[in-house]
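Enquirer: As a plain string of letters, each chain reads:
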Amino acid sequence: MSRKIEGVKNVNENPCNMCMPMGGILALKGIEQTMVVLHGSQGCSTYMRRHISQHFNEPIDVGSSSLNEKGTIYGGEKNLKQAFNNILRVYHPQMIGVLTTCLAETIGEDVERIAAEYLRENKLNYPIVTAPTPGYGGSHAEGYFFTVRRIVEGLAKKAEKNYKINIFVSNISPADIREIKRILDLMQVRYTLCPDFSDTLDRPYVRPYTKIPEGGTKLADIAEMSGALATVQMGMTVDESISPGEYLREEFGVPLYTIPIPIGLENTDIFIKLLQELTGGVIPLSLQNERGRLVDAMIDSHKYNFEGRSAIFGEPELVYALAGACIENGIMPLVVATGSKNSTLCTLVQDLSAEKGLDFIPEIVTESDFKEIRGLSVAKGVNVAIGHSDGHYLEEQENIPLVRLGFPIHDRIGGQRILSVGYTGTAMFLDRVTNTLLAAKQKSYRQTMYNKFYRGKEKSEVAKYELLRV
Amino acid sequence: MAITEKELEELFEKMPKKMEKNRRKHIMIKNGELESQAIEANTRTVPGVITNRGCAYAGCKGVVLGPIKDMIHITHGPIGCAFYTWGARRNKAKTEENVKNFMNYAFSTNMQEKDIVFGGEKKLAAMIDEVVDMFHPNAITISATCPVGLIGDDINAVAKAAQERHGIQVLAFSCEGYKGVSQSAGHHIANNNLMANVIGTGDMEKAPGKYSINILGEYNIGGDSWEIERFLKEIGYNIVCVMTGDGAWEHIRNAHVADLNLVQCHRSINYIAEKIQTKYGTPWLKVNFVGVQSTIKSLRDMATYFDDPELTKKTEEVIERELARVQPVIDQYAKICNNKTAFCFVGGSRGHHYQGLFRELGIETVLAGYEFAHRDDYEGREVIPDIKTDADSKNIPDFQVEPDPSRFHLRMSPEKMEELKQKIPLGDYAGMNLEMKDGDLIVDDLNHFETEEFIKLLQPDIFASGIKDKYVVQKMGIPAKQLHSYDYSGPYAGFNGAVNFARDVSMAFASPTWNYITPPWKTAPLLEGEFGEGGKA
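Protein sequences, first through last, are from chains C and R.
With our numbering applied, the first sequence corresponds to residues 688 to 1157, in that order.
With our numbering applied, the second sequence corresponds to residues 376 to 912, in that order.
The set of hints was computed from the structure by calculation and includes no laboratory data.
Some hints could be false.
[What the hints assert, rightly or not] Here are some of the chain R residues that sit facing chain C, going by a computed Cβ distance under 8 angstroms: (1) Ile-425; (2) Pro-453; (3) Asn-473; (4) Val-474; (5) Asn-476; (6) Ala-481; (7) Gly-555; (8) Lys-654; (9) Phe-681; (10) Phe-824.
We treat Cβ as the ideally placed atom computed from N, Cα and C, and that holds for glycine.
Chain C with its partners taken away, still in its complex shape (with noise of 0.2 angstroms):
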């Protein structure tokens, strides 16, 4: 028997992505009022909401149909009907979201039936928005561009021009997500931003405790998205058949726009034109102020920043945004990895390269693992990692300090607030990146001094004639 395949790998060692359900929950938090439920075996709902609640630090309510073995065989449908009474009953959502999981795809179940059944049963005018993702299906990355596309099927209709400008944002911070609110704020753009999870995932401390927290694009206001001006949608690395923006495009002729995830200078600069060129509005001045810091605090760093080579690893999305914001800042990128399945990323990272002129072009991998990205990084000589908790591991036993940001930060507090878009999220990013350059500078340089230059007393000699020239 033949002991490899050749050129296939087979194991997945410490993993980059999640599943598919997990990015649909994140999706669906973002949703006024409503709650998810997911149809499959207990686990996945615990796990998942263990791990949300883990990185948001709030409560991460998600139901489940507890599928068991006699569920599997004859079928869910009884458990899901019984799970979206209790949840109504329970919870008094405006909207539930069903996710399926491995287990409920793979015994073909078709929950779009059961939900449309359940609401005829019940005589019950109320959405329920379904969406398919089973693990298998792709990573939590697909999982969430899917999941809004599905909320947007399930509730746009046909409406009147409304000269708003719908906003689908990728799995960003919370804190991300309110500043680009306040940027589209201070453009005085009208505006429907999906899903908008700013609220819901990092809820401000206030009594009572409400089961369902305030917050989520409004049902109404995604009802109504189909009349919009245009589409505007961070979604460069996204495949249409799960795009939102498309779906509008198609279905409604609302034209779509699709741009980088607004970190970085160029990736600002994308984002607030285009708000400009939509609105025909001005560019307050403040904002321009905010841009003018950014390229303040650039210049006053450009030299450290220049010694960093990177590796980005995370979402697609955020990895093409973050490899952007570093070439930019001479922190170049080496090592650029996703777990998950995208062609276009590659393909965008490497055009960037070339339109940037790089004399190099950066490692790209898709459906990576920590063990290739390990690997990469120690090959290619980089001194800073940029992504999710997991890469802990290049921190802990490669000597690479990481910069935490995307999902899932687990091994430490904040990862709501992480601030890294428009141009003084960029800032911040940036001074995290310099910083953590500048600190491991600060840390080995004595040792580092020592290494290239003491040799030793009868050399002490040539030591300091080196030194002298440095």
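Fit chain R to the supplied structure of chain C, relying on the hints for placement.
Expert: Here is chain R on its own, set in the frame of chain C:
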């Protein structure tokens, strides 16, 4: 304050009919005057209530197998399940000489759609070849996730072939997530396979020395097992293996030589304890190393079992010294904690174990329960014959063991055993309910709705549970203590652990943070009257 029947009735009325009917059987107010008080447990969770329960895979790979450090644990399935069990439980392991340590790794076959359609056996087999090439493990486990059983991948056949191909042990666990009603099914599946194929396969014929023991159902969360081992070793015990915290396949294989099995978490490991006794004659003793007094009692019970004046003397010496060292510190913390109340809702044993430690700090547990326990964990093992087996429990094959022809031997005469059973919990667990006071609430498989309602009714000072309800509770203004992963702290077991726990709980009460909840423009009394979460306002 205790809950009244009336308040409980009002709570039930808020539930949908079917849910109410179900939940009534899982919630009870302790009443010691009744001869027996049965609670329903280990039955299906009502769909759509937000339960804390996990799945069979979680119990098997996540809990029991995961901590065995020198085996490579392969998750056969799509990526999520492997990711979610990667280091999440804080079961610590250190590298020993000549024992491999793969604790930092997660291995998945990362099944894709085509694997679901065409089957994942080939991928799994090729993956085993790869990990053997790369890591040279002594043994491998394969844990199945939901789709595996459904698409008919024969992981047992793959394991068997790989075992022959590589000459190392490869074990397959059919712990698909939908089996059973909670992670408890997974414990059972893991126990069966370890018992059938690992325990007793080592070469050792005799115990390595006097007082040889195994520690069962201790998972070394935050280093608990290291603290327990510290004083056990000092007293003179020889620890053959720990199942499974910081455990090693190398050591577990020789578990048969020990003269006593300690059982810490009854729920997750009692199957192994029972079967070792049948097969090798080793009795098991229920211990509880959480809390100073419980630890002392467990140490004395162990000394009683071995019945050796020298061991008893050393035991008392260690107890005296440790007590003198930790008690004054704990007493200081107790001043902060005194007269407070707690909810204690954890998995399968900590819901019980921590009550004693809370009591030592002056904190009364007014509500307790388990996520996935069975009736015997509540009511004691004497109810086992009365537990009805249902379709869900029948799905887990129970295999029988016979006394091993060469390795079975009685550790003492049956008469002596009987005599000991009168004194110490040998082969017995009396359950959690016994420890609770009349009027206390006992809740099985507590859900989020009930959590909120009971907090409003009873207003505990601290809520001990896991990360999933931690933030609900804290947003209600009540400190929470994670008893699954200890909020990155620990150890909490043994003498030093009790001090750590007292410190952490005191911090929760004494932190200045809680003083700032009410904005200065809102006066406190008004808030209590107008906005209190109900119940007591």
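Enquirer: Determine for every hint whether it applies to the structure shown.
Expert: Hints and how they fare:
| no. | hint | result |
| --- | --- | --- |
| 1 | Ile-425 | holds, 5 angstroms |
| 2 | Pro-453 | holds, 3 angstroms |
| 3 | Asn-473 | violated, 22 angstroms |
| 4 | Val-474 | violated, 19 angstroms |
| 5 | Asn-476 | violated, 13 angstroms |
| 6 | Ala-481 | holds, 5 angstroms |
| 7 | Gly-555 | holds, 7 angstroms |
| 8 | Lys-654 | violated, 29 angstroms |
| 9 | Phe-681 | violated, 41 angstroms |
| 10 | Phe-824 | holds, 5 angstroms |
Hints 3, 4, 5, 8, 9 from the earlier list are contradicted by this structure; the remaining hints agree with it.
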